[in-house]
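One-letter residues, chain by chain:
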Amino acid sequence: MTRVAIVALNTFREAVRDRVLYNLIFFALLMISAAVLVGEISIGIERLVIVNLGLTAISVTGLVMAVFIGVSLVYKEMDKRTLYALLSKPVRRWEFLAGKFAGLLLTLAVNTALMTLGLIAALLYVTHTLAPADANLLVAVYFILLQLALVTGLALLFSCFSTPMLSTLFTLGIYLAGLFSADLRASGMSGNSRALELMTRALYYVLPNFSNYNAIHAAGHGRAIPFTLVWANTAYTVSYLLVILLAASAVFSSRDLK
Amino acid sequence: MRPEVRVAVPAIAALFLLLFTLQVRIDAITRNLPLQKEELLLRSARMLKKMSLGYDALLADLYWTRTVQYYGLKRLNDDPNFELLSPLLDLTTELDPQLVVAYKFGTVFLSEHPPAGAGRPDLAVQLTRRGIAANPEEWRFWADLGFVYYWYEKDYANAADAYLQGSRQPLAPIWMKAMAASISAQGGSYRTSYFLWSEIYQSTQDAEIRKNALKHLQTLRAEEDAQHLVEIGKQFFARFHRYPAFSRDLVSAGLLPAVPVDPAGYPYVFTPDGSVRLNPSSPITSEKISPPSKP
Amino acid sequence: MSTWAIETEGLTKDYAAGFWRKKRRRALDALTIQVQSGEVFGFLGPNGAGKTTTLKLLLGLIYPTSGAARILGRSISDVAMHRSVGYLPEQPYFYDYLTARELLDYFARFFGYTAAERRERVGRFLGMVGLEAAGDVQLRKFSKGMLQRVGMAQAILHDPEVVILDEPMSGLDPLGRREVRDIILDLKRQGRTILFSTHILSDAEMLCDRVGVLVGGKLQGVGAPEELVSIAVQGMEVLFDMPAGRALPPALGAAAVQTGSRLRLHVPEAELYATLELLRGSQARIISVTQVKATLEDFFFRLVGNQKTAGHAVEVPGK
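Protein chains in written order, with my numbering: chain A, -10 to 247; chain B, 289 to 583; chain C, 389 to 707.
Rather than coming from a laboratory, the hints here were simulated on the basis of the structure. Incorrect hints may have been included.
To be verified - Have a look at the derived ranges for each label pair, beta carbon to beta carbon:
hint, chain 1, residue 1, chain 2, residue 2, range
1, B, P555, A, A184, 35 to 41 angstroms
2, C, G398, B, T318, 57 to 63 angstroms
3, C, G406, B, T353, 43 to 49 angstroms
4, B, I300, C, A456, 51 to 57 angstroms
5, A, F159, B, E371, 34 to 40 angstroms
6, B, I300, C, D597, 48 to 54 angstroms
7, A, Y194, B, A533, 53 to 59 angstroms
Backbone N, C-alpha and C fix where the C-beta goes; we use that ideal spot for every residue, glycine too.
Put together the whole structure using the sequences plus the hints.
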């Protein structure tokens, strides 16, 4: 087993033993049950409501987990000094970072998968059959996972040099900025200042663009998401993650441990 | 410098280049996707207000911002579908019933024909009436209501009535009463339209509304000039037994001191049958001109 | 080709200090030492002397401001070298959601052992540090002493050639300390090199082939414990008690130290017999007469005393 995998599995184990995880799953399942009730009030759009609500719940839950666990990933080990014994083993600092990242991502993936199963169950309950268009649901979930991976990466990066509270603010800040970067660019284009236009345009390409992943509308209406987009989004996410991990490695490898 | 840093810097630069190309590709794909039906999951304004937990004002600002962006993005993409404009404005004004600019925005852009707006003056009337209900002494809402009836619905009876009611509110300007009277008497006229659009232009700071009002003012002036020119053309016909081919013919004939140009600076065009059109190159022709009609 | 197990050359560590982080505090000043293979080397010094700093530098947990160091001939930046090094941190803290067994198994994975090998090793070393019974207890329930033992176990379970221990006796009761001492001696018998830091001087005296004394970030002296203390006998100590009712001879009264019913007197060798005569005359019952030798402690306190008058840790003017 590679050293990265060793750290990853231990990180996963830590998350599982951390009871916060279980609460969030209950929360999500509760949301989806609520969706079933809502479907009975508005006839004809049950599917739409359940899919929208379910995917939103999965997305929000995952986001909360990614941020709150992510910002402590490195900070906690440095603060509690558990890192001393670990880094005295033959393991490189970047392997440690990659392992922590992979471990949290694995946790999020498992959590998301379980919630998706719950969503599919709720959908089956309401519509009694699965249309082939429901495959788009899986693509939407995949896109959510890609987003979570990026957010996790950001949280990890900040965790390398700032306290959990500040890291949370930074991570959420960049997430929101990335979500609205398209709107920002649009308003820059329709404004009067050339400088502003250039700046918003630059920001659009530099910030991680979270609006790329929004497939909830399409999934809700059973509309197909082109494979080219899946491919492009995957490549985008992997590339951006590499940026983040390289940066984190550079920062973390230059630090003296407390 | 640690080796990790030395590797990271050029690698990150190269990756951002790659990200740029990927983003361009993604934008191309999403642009070609069939226009997605946008959703406002929460349509019930009352429910939203209950859920806002006292942060109505902030939520109102957020929804107002979203409304403006929605409109802006639609104009940017030349998208004539303004389905969500009315619900967004409803939500905004439910959260903050005193947000005057939202009502005014609705007055103009719910009524305007696509692609400038939703083409639904009836919704504008609804919105403005709700504004009146929430702000009964505010003369501005009556003025907006009057305007929708006058310009978009061509309903001069209701328009005059609205202006009259509005003129009775505290702080109402004198012209409200005058408007009520003149619309009652004459219905639509250039003078009235010109005045009202100027009033709209001056009464707000919102960039979109002003831009739109200016366009209307220019169109009105052009229309009026065109009418005027038709009259002069008749004089020309009386003298030379034909209509002028070019505007400058009128100048040569001494009927006009200079070549008449529209507010955008383009000379008017005469047709063989004596009517006057705006120059096809003029930017004003792109707007659908709806000249006022007699009662 | 170097034969030293551990060597440093001018190893220096400065920290930014002061509110504006302009001043530099020198935690370690140009440390140059060599530790032989198979040797037990002790770092002595008061708190803040730079002992832990040195060990952390060796393990690559912090980076030197200048200077270099090598373990088994390989640079300290070579992480693969950690395969042959074991480390016990000061006041160790481990993942509290794991049991002792799980922790050791986790660490063991980094050395490439098979599952069977891991199981065997973990069991063996848990036994060696006296934790067989607590193997499946979560670390969050461990006492300080138990954590210290786990720390020791994780430091040596991969049979490292070089073992670096930061205050290995801290938090242990006398039985625990005896066990650690035995482990260290056992490791030495196996031919491993041990470097440890401590401020318990008797341990250093008992275990070390050589000691290095660090005060204020500077190496004050290196050598075998006996070399560092003066061999000269510093006098004689007479232990006696007085029968009830009898008073001490006035000449000796002031100098005698009383503990319970026992009295102790330090006298120069030359005055021994005169003193004994005086005591006998007072009907004192002589219990023992012993030589007084200087200890490492005396050497130590003399050094530290000098340092204290000279001023605290060296301050380097900010650049």
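Hints, one by one, checked against the model:
| no. | hint | in the structure |
| --- | --- | --- |
| 1 | P555/B x A184/A: 35 to 41 angstroms | holds, 38 angstroms |
| 2 | G398/C x T318/B: 57 to 63 angstroms | holds, 60 angstroms |
| 3 | G406/C x T353/B: 43 to 49 angstroms | holds, 46 angstroms |
| 4 | I300/B x A456/C: 51 to 57 angstroms | violated, 30 angstroms |
| 5 | F159/A x E371/B: 34 to 40 angstroms | holds, 37 angstroms |
| 6 | I300/B x D597/C: 48 to 54 angstroms | holds, 50 angstroms |
| 7 | Y194/A x A533/B: 53 to 59 angstroms | holds, 55 angstroms |
Going down the numbered hints, you'll see the structure goes against just number 4.
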